[in-house]
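Protein sequence lines, in the order shown, are assigned to chains A and B.
So in full-length UniProt numbering, spot 250 of the first sequence is number 250, and the numbers just go up one at a time.
So in full-length UniProt numbering, spot 53 of the second sequence is number 53, and the numbers just go up one at a time.
Because the hints were derived from the structure by calculation, they are not lab data.
We put the beta carbon where it would ideally sit given N, CA and C, even for glycine.
Incorrect hints may appear among the rest.
As the list claims (entries may be wrong) - A few chain A residues facing chain B, derived, Cβ under 10 Å: (1) R160; (2) R235; (3) P549; (4) P554; (5) E662; (6) A701; (7) S762; (8) N865.
Said to hold, decoys possible - Using C-beta positions, here's what the derived DEER-type ranges look like: (9) V565(A) x A139(B): 47 to 55 Å; (10) W687(A) x L125(B): 20 to 28 Å; (11) H78(B) x G546(A): 42 to 50 Å; (12) F132(A) x G54(B): 54 to 62 Å; (13) W687(A) x A77(B): 25 to 33 Å.
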Amino acid sequence: MMYRLPQREGEWIDRTRSLAFTFEGVRYEGFAGDTITSALSAAGVMILGRSFKYHRPRGILSFANHDVNAIFQVGPVPNVRGDVTPLADGMEVLAVNTVGGLQSDRAQWIDRLGRFLPVGFYYKAFNSKRFFPRWERLIRNLSGLGQISVDAPRLQTPKRYAFCDVLVIGGGVAGEAAARAAAATGAKVMLVDESTRVSAHSADGVDVLTSSYVAGVYADRWAAVIEPHRMTKVRAGAIVFATGAIEQPIAFHNNDLPGIVMAGAAQRLLQRHSIAVGRKVLVVTTHRAGYEAAVALLDAGLSIAHIVELNSTSVAPDLSSLLIQRGVKVVVGDAPIEAERNAEGCVAAVHFAGERIDCDAVLMSGGWAAAAQLLLQAGGKTAFDDAAQMHLPSELPAGCFVSGAINGLFNAEAACMEGRTAGRAAAEFASATVPPSGSSIIARSSSPVAPSPHRRQDPRGKDFIDFDEDLQVKDIENAIHEGFDSIELLKRYTTVGMGPSQGKHSNLNAARILAGKRGLSMDQVGLTTARPMYHPVPMKHLAGRGFTPERATPIAPRHSDAGAVWMLAGNWRRPEYYMREGESREQCIAGEVAVVRNSVGLIDVGTLGKIEVHGPDAGAFLDRAYAGRYSDLKVGMTRYGLLLDEAGTIVDDGVVARLHEESFYFTTTTGGSAGVYRDLLRLNALWGLNCSLVNVTGHRAAFNLAGPRSRDLLSAMTSVNLNDGAFPYLGVREGIVGAANARLLRVGFVGELGYEIHVPHSHAQRVWDGLVEQGRKFDLRLFGVEAQRVLRLEKGHFIIGQDTDGLTNPFEAQAGWAVRMQKPFFIGQRSLRLLERRGPRQLLVGFEIENAVPALKECHLAIDNGEIAGRVTSVTYSNTLGKTIGLAMIKPSLAVLGTKLTFRVTDGSTVTATVCPTPFFDHDNQRQKFGVAA
Amino acid sequence: MSATLQQVVNLARIGFKGPNAAAWLGEQGIPLPERANSWCVTGDDEQDICVRLGASEFLLERGDGNALRKLQAEIAAHIPGVYPVLREDCAFVIAGDAADDVLAQMCNVNFAALRAEAREAVMTLMIGVAVTVVPQGNAAQRRYRLWCDPTFGDYVWSSLNEVAGPYLIDTKSPGGAR
Chain A
1 MMYRLPQREG EWIDRTRSLA FTFEGVRYEG FAGDTITSAL SAAGVMILGR SFKYHRPRGI
61 LSFANHDVNA IFQVGPVPNV RGDVTPLADG MEVLAVNTVG GLQSDRAQWI DRLGRFLPVG
121 FYYKAFNSKR FFPRWERLIR NLSGLGQISV DAPRLQTPKR YAFCDVLVIG GGVAGEAAAR
181 AAAATGAKVM LVDESTRVSA HSADGVDVLT SSYVAGVYAD RWAAVIEPHR MTKVRAGAIV
241 FATGAIEQPI AFHNNDLPGI VMAGAAQRLL QRHSIAVGRK VLVVTTHRAG YEAAVALLDA
301 GLSIAHIVEL NSTSVAPDLS SLLIQRGVKV VVGDAPIEAE RNAEGCVAAV HFAGERIDCD
361 AVLMSGGWAA AAQLLLQAGG KTAFDDAAQM HLPSELPAGC FVSGAINGLF NAEAACMEGR
421 TAGRAAAEFA SATVPPSGSS IIARSSSPVA PSPHRRQDPR GKDFIDFDED LQVKDIENAI
481 HEGFDSIELL KRYTTVGMGP SQGKHSNLNA ARILAGKRGL SMDQVGLTTA RPMYHPVPMK
541 HLAGRGFTPE RATPIAPRHS DAGAVWMLAG NWRRPEYYMR EGESREQCIA GEVAVVRNSV
601 GLIDVGTLGK IEVHGPDAGA FLDRAYAGRY SDLKVGMTRY GLLLDEAGTI VDDGVVARLH
661 EESFYFTTTT GGSAGVYRDL LRLNALWGLN CSLVNVTGHR AAFNLAGPRS RDLLSAMTSV
721 NLNDGAFPYL GVREGIVGAA NARLLRVGFV GELGYEIHVP HSHAQRVWDG LVEQGRKFDL
781 RLFGVEAQRV LRLEKGHFII GQDTDGLTNP FEAQAGWAVR MQKPFFIGQR SLRLLERRGP
841 RQLLVGFEIE NAVPALKECH LAIDNGEIAG RVTSVTYSNT LGKTIGLAMI KPSLAVLGTK
901 LTFRVTDGST VTATVCPTPF FDHDNQRQKF GVAA
Chain B
1 MSATLQQVVN LARIGFKGPN AAAWLGEQGI PLPERANSWC VTGDDEQDIC VRLGASEFLL
61 ERGDGNALRK LQAEIAAHIP GVYPVLREDC AFVIAGDAAD DVLAQMCNVN FAALRAEARE
121 AVMTLMIGVA VTVVPQGNAA QRRYRLWCDP TFGDYVWSSL NEVAGPYLID TKSPGGAR
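Modelling step: build the complete structure from the supplied sequences, incorporating the hints.
And the structure:
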């Protein structure tokens with residue numbers, strides 16, 4: 001049983017500050033400076049959780065946040081990493097993955113069914129569709145770590161960017177030396193370490209982030225640093241990887257019993273928290289580190305029962321002799337077979353070939369795996385070093401440097417020297433005007449280990465390779481027998497390395513088994529691809545503070561006052577309609593449509609893209625960019641504009657107005673402005689024409705005043721002569737409206753006499769208010785996006801992206817009239833020539849149904865002889881016309897006036913419609929051209 | 001660490017663009033930044049400035065609106081190669097020793113590394129919005145002027161307030177980001 005030692009020099013705990021907490025409902029006390037795990041260990045709590053699959057009792061393994069044995073539920077927060085989470089007063093800690101509590105976990109029977117849960121169990125069991133739901137329910141109920149509380153308060157987790165010349169990952173001996181050496185050159189240095197303490201500090205000129213880890217390294221030395229309460233994205237001039245090495249377990253039966261820990265874990269418990277792992281300690285090792293741990297424990301007064309080294313020749317004869325002199329029995333060339341448990345389920349003894357050794361703690365040291373995952377993510381490469389029995393860096397990307405145990409150096413003095421060299425080299429790289437093309441790997445020495453820590457003795461029992469996933473040696477072997485004999489296949493089939501610790505303790509041993517079984521070298525076997533995240537990252541860190549750009553026109557407050565029901569159009573907030581007391585949504589929309597048809601309505605169209613193009617070549621530019629011709633457009637007139645891509649697909653549309661000989665002003669769709677502007681800028685740079693583009697989308701507000709009385713209303717507010725002769729349909733004029741400089745466009749999108757009024761953003765509210773005030777005489781009503789959709793559909797106008805899709809060309813949209821094929825060149829022209837010859841694959845047509853058909857919706861399919869023949873793109877019931885109208889994209893053979901179309905609605909029934917001409921309303925467009933008397 | 005936020009509503013603003021814009025502005029007696037993406041003072045202090053956005057586009061901001069209105073009147077005569085740019089931006093000032101921290105949470109540009117004396121202008125995306133940022137002051141008293149499309153004004157202003165919240169000692173808003 002673990003216990004707390006008397007006060008020791010250098011311990012990290014403050015014994016004057018006791019902290020009370022509960023674990024599984026039982027009250028304990030720890031000290032400030034304890035982690036959850038250390039406090040529990042000091043209190044003698046050996047079983048911290050249950051394993052993922054077999055629900056076996058588990059205790060401390062790495063005490064380095066490298067395994068899932070010590071993860072907890074703390075209040076509403078699941079998966080709290082006990083090894084590194086500081087203890088806090090009043091913490092309520094629970095074990096995870098139990099049914100009915102840790103001690104009496106009702107799922108522990110699964111451990112006895114191991115033989116029925118072979119490797120690849122999911123693939124084998126889920127093969128049957130019939131039983132899939134049953135298995136899914138069962139496994140979902142049994143597995144999982146922690147409980148997500150849907151009632152947990154939402155906490156803001158900021159993200160930030162940071163910049164440094166040198167980022168040092170790892171605050172051990174080598175990392176600290178590197179950080180200090182780099183800082184001494186004047187470089188801006190950031191040091192990141194998982195521990196709560198490192199020796200380097202800001203006085204050294206180093207920005208130290210403790211309790212933090214790098215979760216991923218990306219191109220150009222971007223690193224995602226996870227701090228306790230935020231994520232920092234660091235751009236580094238150079239990176240020193242001093243990430244160390246991860247101690248590996250040794251496989252033997254019951255090697256997961258509580259009390260069996262890594263040798264490094266025992267040392268950390270001792271040095272940081274003054275905790276003894278047991279009163280009678282057995283060390284099982286393949287590496288010098290096991291001897292070093294034994295010496296440290298002996299020095300602290302602990303009793304070492306035995307040291308057993310698996311190698312046939314000792315790797316540390318000096319330490320071996322020292323320990324023998326101090327009365328420790330050292331055995332070389334033997335291996336553990338099975339650990340025996342006591343009544344509490346913890347380790348009580350270990351059986352060897354010829355001996356049973358009593359103990360209450362076992363230290364495993366099965367060699368090391370270089371913590372090279374981040375280096376690999378950065379583009380580095382490793383090769384297996386037979387002497388060190390590790391994958392060591394073999395190629396480093398530019399600006400990346402390594403030092404310390406990751407490079408096979410376990411000697412503190414050598415690591416320190418190498419760290420200094422790496423730090424200086426990194427600083428030099430970061431400060432170089434022309435960075436060197438690569439980084440060299442400094443020569444290393446290493447401490448040899450036995451090539452394989454695993455020695456199989458008994459086919460029964462469980463000897464774990466992957467503690468996260470409860471994978472045993474036989475699971476790996478069986479998978480290889482079943483043909484999953486490459487490292488990537490093996491990983492996916494067995495899930496080795498796919499648990500929260502991402503193979504930190506399992507990948508190397510699994511690769512060794514694979515190499516042994518196939519007779520391959522470790523380099524031939526290779527490693528699985530290292531991908532972010534290196535450690536599990538809380539979702540809140542990834543999400544961060546939410547930034548969702550949202551645009552609002554200057555009229556937004558007026559819309560709210562008028563009862564707008566909002567909708568999102570792209571990133572714009574727009575009024576869908578205006579709610580009226582006592583009226584349904586449909587009634588409100590119908591009322592808005594009616595007032596536009598009969599009197600006058602006002603809609604905010606400030607969301608339209610608005611772009612100017614100036615210069616002698618402005619007309620030529622638009623001729624090349626748009627499908628229509630604009631160089632011959634008269635000053636003071638507008639023309640419809642259709643924008644295509646190189647494939648001839650419709651991507652946007654709008655109205656192009658010629659303000660002056662060399663100045664055009666044009667609109668784009670609401671969602672398209674940014675993309676269109678960007679594309680046009682690119683084309684302008686490409687073509688080198690003498691013209692300049694200006695995007696004034698947000699700087700100009702725009703309203704559409706539409707309806708038979710619109711001219712009467714507007715004339716009271718403007719100096720512009722609105723008579724048809726002076727300002728005809730499709731004209732554009734500049735003048736004053738309500739004291740603001742305005743551009744007026746006579747357009748007919750909704751099919752009525754109408755004026756788009758474009759004014760500077762800062763004047764918008766005043767002009768809007770004036771129109772509304774003036775409109776009282778004409779029963780003006782505001783109308784929203786939905787009413788506008790009905791009005792435009794009555795005119796048969798299509799909406800890009802709704803009535804067209806990512807393949808629709810102008811011929812298919814029946815918009816060939818907007819294309820001037822005889823122009824020398826325009827974007828998409830070449831493709832259109834081919835498409836014109838090929839003929840349309842679909843055509844956009846109008847259809848009508850004599851009655852209301854609420855069941856017919858957009859995207860319902862047209863069916864012809866049992867085959868899909870198209871789809872509805874727009875549909876509505878028109879009160880104006882007294883029938884259902886719509887647009888459908890259908891196969892050309894059906895696009896004949898009078899053809900009966902069959903649409904299948906959601907419930908499977910069919911609706912019959914008739915192909916009819918568009919526009920549905922005011923066929924000859926007299927109303928928008930000349931207006932009608934109200 | 002502290003920060004102050006301010007919405008700028010008392011300055012007049014105008015833009016010019018085109019191949020002859022620099023020459024024409026020079027003829028009007030407007031001091032111009034020599035380099036692209038930089039700024040210079042056009043009045044008595046750092047309030048009145050001219051920002052060069054790329055090679056041939058300029059943003060002028062001044063306390064004295066009359067001077068800009070005169071330019072606007074001049075350009076109405078359609079000067080070849082000089083085109084007016086309507087600038088209805090929302091403008092903000094963030095100042096204080098926490099200003100860099102605030103911006104670091106909103107944008108991936110390393111503003112702290114910009115030397116104020118270099119008078120650089122940065123055009124970038126901040127929380128998804130295109131902005132122009134000009135660092136002013138000195139290392140001890142850092143100040144950033146920031147412009148964005150007015151339709152994003154409320155969003156940028158509320159985001160600035162949210163991020164800067166823990167540092168704020170003063171916020172000046174005339175009500176609504178305009």
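Structure-based check of all given hints:
For R160(A), the suggested interface contact is upheld, since its CB lies about 5 Å from the closest CB of chain B, less than 10 Å. With 10 Å as the threshold, the beta carbon of R235(A) comes within range of chain B, its nearest partner Cβ sitting at about 7 Å, so the hint holds. Interface restraint check for P549(A): the shortest CB-CB distance to chain B comes to about 4 Å, inside 10 Å, so the restraint holds. With its C-beta approaching chain B no nearer than about 7 Å, P554(A) sits inside the 10 Å limit, and its interface hint holds.
The closest approach between the C-beta of E662(A) and any C-beta of chain B is roughly 8 Å, which is under the 10 Å cut-off, so the hint is satisfied. With 10 Å as the threshold, the beta carbon of A701(A) comes within range of chain B, its nearest partner Cβ sitting at about 9 Å, so the hint holds. For the restraint placing S762(A) at the interface with chain B, the shortest Cβ-Cβ distance is roughly 5 Å, inside the 10 Å limit, so the hint holds. Annotation: N865(A) was flagged as interfacial toward chain B, and the flag is violated, the nearest CB pair being 49 Å apart, outside 10 Å.
Taking 47 to 55 Å as the suggested C-beta distance range, the pair V565(A) and A139(B) conforms, at roughly 51 Å. Between W687(A) and L125(B) the Cβ separation comes to about 26 Å, which falls inside the hinted range of 20 to 28 Å. Between H78(B) and G546(A) the C-beta distance comes to about 46 Å, which sits within the given range of 42 to 50 Å. Evaluation of the 54 to 62 Å hint for F132(A) and G54(B) yields a pass: the beta carbon distance comes to about 60 Å.
Taking 25 to 33 Å as the suggested C-beta distance range, the pair W687(A) and A77(B) conforms, at roughly 28 Å.
Going down the numbered hints, you'll see the structure goes against just number 8.
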